[in-house]
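Spelled out, the chains give:
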Amino acid sequence: MKRHSPLLFTCRDMSHLLSDGMDRTLPFHTRLRMRLHLLICVLCRRYKQQLALIRNVLRKNGTTLIDDTRANAPGLAPEAKARIQRALDSRRS
Amino acid sequence: MAERTLIDSRAMIDAHGDFLYRFALARVGHQDVAEDLVQETFLAALQGTYRESGPAAERRWMIGIMKHKVVDYFRKQSKEPIQHPDAPDGQSTEEDFLADGHWKPNAAAMQAWPEQPDGLVERRQFWDTLAGCMERLPPRAAQVFTLRELDGLDTENICALLQLTLTNFSVILHRARKQLRDCLADRYFGLPQEGGEL
Chain A
1 MKRHSPLLFT CRDMSHLLSD GMDRTLPFHT RLRMRLHLLI CVLCRRYKQQ
51 LALIRNVLRK NGTTLIDDTR ANAPGLAPEA KARIQRALDS RRS
Chain B
1 MAERTLIDSR AMIDAHGDFL YRFALARVGH QDVAEDLVQE TFLAALQGTY
51 RESGPAAERR WMIGIMKHKV VDYFRKQSKE PIQHPDAPDG QSTEEDFLAD
101 GHWKPNAAAM QAWPEQPDGL VERRQFWDTL AGCMERLPPR AAQVFTLREL
151 DGLDTENICA LLQLTLTNFS VILHRARKQL RDCLADRYFG LPQEGGEL
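As given, the protein sequences belong to chains A and B, one line each in that order.
Reminder that position 14 of the first sequence reads as 14 in my numbering, one-by-one numbering, no gaps.
Reminder that position 142 of the second sequence reads as 142 in my numbering, one-by-one numbering, no gaps.
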């Protein structure tokens with residue numbers, strides 16, 4: 001794609017619209033113009049696929065993230081654990 | 001089906017504390033709030049009777065309680081709305097574009113990603129990288145992204161819970177997705193990967 005055209009979105013527009021399209025249904029004419037852009041723009045096609053990939057892996061296996069196996073994964077501080085345990089034990093009796 | 005009441009607070013904290021803390025932190029963005037929510041979740045768990053057995057079922061049950069606690073927290077918060085997306089941190093999403101709106105030729109290495117999602121989910125290195133990339137998101141972006149993509153809440157719901165305008169919601173998610181994409185391109189797909197040939 002070389003030049004601005006009133007018919008075509010720019011790649012910058014597309015980067016916003018592709019994200020919006022994942023959260024709500026865009027107007028028909030907008031989707032049509034996006035499709036036109038995607039037909040001729042490999043980078044935006046790629047961008048779209050990559051956003052979709054991130055969504056799909058998270059939707060399918062998101063809890064893997066919280067299982068977090070990294071050594072420096074965030075966790076409860078020891079003081080917080082002790083405080084929570086005191087609170088729990090004082091509530092039971 | 002066995003019925004039992006969870007009574008051992010120590011074992012409960014050891015088994016689920018870190019997990020629930022990370023779950024809450026990703027959604028509320030403040031450590032102290034996340035700690036409080038973990039405590040509230042455990043308190044509710046101690047009062048409830050839980051009917052399934054096994055650690056996985058126990059965890060699902062706790063996540064269910066935590067989800068309610070997180071939503072309650074947002075409801076209470078919504079009196080003081082934060083309308084602004086995180087301030088741009090210098091790494092603007094616009095710098096990958098030329099003046100005429102096209103991708104720069106080297107925009108965050110726009111190379112194709114080789115793998116299919118089914119292969120990726122098996123790879124620990126991928127998840128570790130993704131977790132690291134999500135930690136680097138600004139707090140509000142991480143929060144909205146998590147509610148949307150991990151919890152699957154819809155747009156209307158999230159805007160109402162967080163008192164966001166649709167415009168802010170859209171800007172925040174666009175930035176979050178782009179930053180994650182760029183981070184993965186940089187730190188995972190751009191590197192030689194574990195397991196040799198793909």
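Careful, some of the hints might be misleading.
To be verified - Listing some non-contacts, in silico: residues in chain B with all C-beta distances to chain A over 12 angstroms: (1) L20; (2) S53; (3) I63; (4) Y73; (5) R75.
Said to hold, decoys possible - EDC-like, lysine to aspartate or glutamate: derived pairs with alpha carbons at most 16 angstroms apart: (6) K67/B x E122/B; (7) K81/A x E122/B; (8) K48/A x D36/B; (9) K81/A x D14/B; (10) K104/B x D23/A; (11) K81/A x D182/B; (12) K48/A x D89/A; (13) K60/A x D36/B; (14) K69/B x E95/B.
Read the hints as simulated data drawn from the structure, not as lab findings.
The C-beta atom is built at its ideal place from N, Cα and C for all residues, glycine as well.
Evaluated hints:
no., hint, result
1, L20, "violated (8 angstroms)"
2, S53, "holds (20 angstroms)"
3, I63, "violated (8 angstroms)"
4, Y73, "holds (16 angstroms)"
5, R75, "holds (22 angstroms)"
6, K67/B x E122/B, "violated (27 angstroms)"
7, K81/A x E122/B, "violated (32 angstroms)"
8, K48/A x D36/B, "violated (38 angstroms)"
9, K81/A x D14/B, "holds (9 angstroms)"
10, K104/B x D23/A, "violated (26 angstroms)"
11, K81/A x D182/B, "violated (36 angstroms)"
12, K48/A x D89/A, "violated (51 angstroms)"
13, K60/A x D36/B, "violated (29 angstroms)"
14, K69/B x E95/B, "violated (39 angstroms)"
Consistency with the previously given hints fails for numbers 1, 3, 6, 7, 8, 10, 11, 12, 13, 14, ordered from lowest to highest.
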